[in-house]
Amino acid sequence: MARLSLIVLMGVVAVASASQPWLGSWTTTDKAPENWDQVVTALSLPAAYGGNPKSTLSITREGETYTNKLEVPSNNFSSTYSFKIGEEGTKVEPKFENTEIKYTFTEEGEKLLVTVKIPARGKEVTEVYEVTGDELVKTYKIDGIVAKRYLKRQAV
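Under mature numbering (1 follows the signal peptide of the UniProt record, and there is no 0), the residues of the sequence shown are numbered -18 to -1, 1 to 138, in order.
These are computed hints drawn from the structure, not numbers from a lab.
As the structure is a computational prediction, the values presented were derived from the model and not from experiment.
Here a beta-carbon is modelled for each residue, glycine too, at the ideal position from N, C-alpha and C.
Careful, some of the hints might be misleading.
Below 27 Å or equal to it, Euclidean Cα-Cα: the simulated DSS-like pairs (lysine-lysine) are [as the list claims (entries may be wrong)]:
#1 K73 - K13
#2 K93 - K66
#3 K36 - K99
#4 K51 - K105
So the derived label-pair ranges between C-beta atoms look like this [claimed, not checked]:
#5 D12 - G71: 30 to 38 Å
#6 L27 - G71: 14 to 22 Å
#7 T114 - E79: 22 to 30 Å
#8 T47 - G126: 29 to 37 Å
#9 V74 - T23: 20 to 28 Å
#10 G32 - G104: 20 to 28 Å
#11 S1 - G71: 34 to 42 Å
#12 T47 - I127: 14 to 22 Å
#13 S1 - E79: 36 to 44 Å
All chains, please: the whole structure from these sequences, using the hints.
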């Protein structure tokens, strides 16, 4: 009976992962981002955050709680968001002058969507995480700008 329970549990985990293909670890590709520097400017971020610096993104799940961790070593930048689908979270981002950020992660089919509100700057950014094969495309929308960044799945 224990073996059957384990098999059933493993099947459920596999189904959950299949419907959330954005889970896992990702690294930026050499493919040039589209309009990324315009997003950096729209958010009043330092120019060093532009271009295509090598970064890693890890999205994990434990029960109902997800963790989204972004690291950009060349900028000495690391940011972690813990979230539950559909619930608004709040975070103070030290690298951005201790600005308060409000965020809500939702799902649409196999896509992960994020709405980020930055009240102090009067800005709202939407991000869409969409996987095709081993490529994750992050699409950003802010102030009429549409930008894309490309990542590839890291080997397990």
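Q: For T114 and E79, compare the CB-CB distance with the range 22 to 30 Å and indicate the outcome.
A: Given range 22 to 30 Å: violated, Cβ gap about 36 Å.
Q: Assess, step by step, whether the Cα of K93 is no farther than 27 Å from the Cα of K66, and give holds or violated.
A: At roughly 15 Å apart (the allowed maximum being 27 Å), K66 and K93 satisfy the hint.
Q. Keeping to a limit of 27 Å between CA atoms, is the pair of K51 and K105 held or broken?
A. holds, 22 Å
Q.
Taking the Cβ atom of V74 and the Cβ atom of T23, is their distance within the range 20 to 28 Å?
A. holds, 23 Å
Q.
Does the beta carbon distance between L27 and G71 stay inside 14 to 22 Å, or does it fall outside?
A. holds, 21 Å
Q) Regarding the pair K36 and K99, is the alpha-carbon distance no greater than 27 Å? A) Between K36 and K99 the Cα gap is close to 25 Å, so the pair holds against 27 Å.
(Q) Against the range 20 to 28 Å, how does the distance between the Cβ atoms of G32 and G104 compare: consistent or not? (A) With Cβ atoms ~21 Å apart, the hint holds.
Q. Is the Cα-Cα distance between K73 and K13 27 Å or less?
A. With a Cα-Cα distance of about 30 Å, the restraint between K73 and K13 is violated, given a limit of 27 Å.
Q: Return holds or violated for the Cβ distance of T47 and I127 against the range 14 to 22 Å.
A: violated, 31 Å
Q | CB-CB spacing for E79 and S1 relative to the 36 to 44 Å hint | A | Taking Cβ atoms as reference, S1 and E79 lie about 38 Å apart, which means the hint holds.
Q: Given the hint of 30 to 38 Å, check if D12 and G71 actually sit that far apart at their C-beta atoms.
A: Distance hint for D12, G71 holds at roughly 32 Å.
Q | Distance restraint evaluation - S1, G71, Cβ atoms, bounds 34 to 42 Å | A | 22 Å Cβ-Cβ, so the 34 to 42 Å window is violated.
Hint compliance for this structure: hints 1, 7, 11, 12 are not met, and every other hint is.
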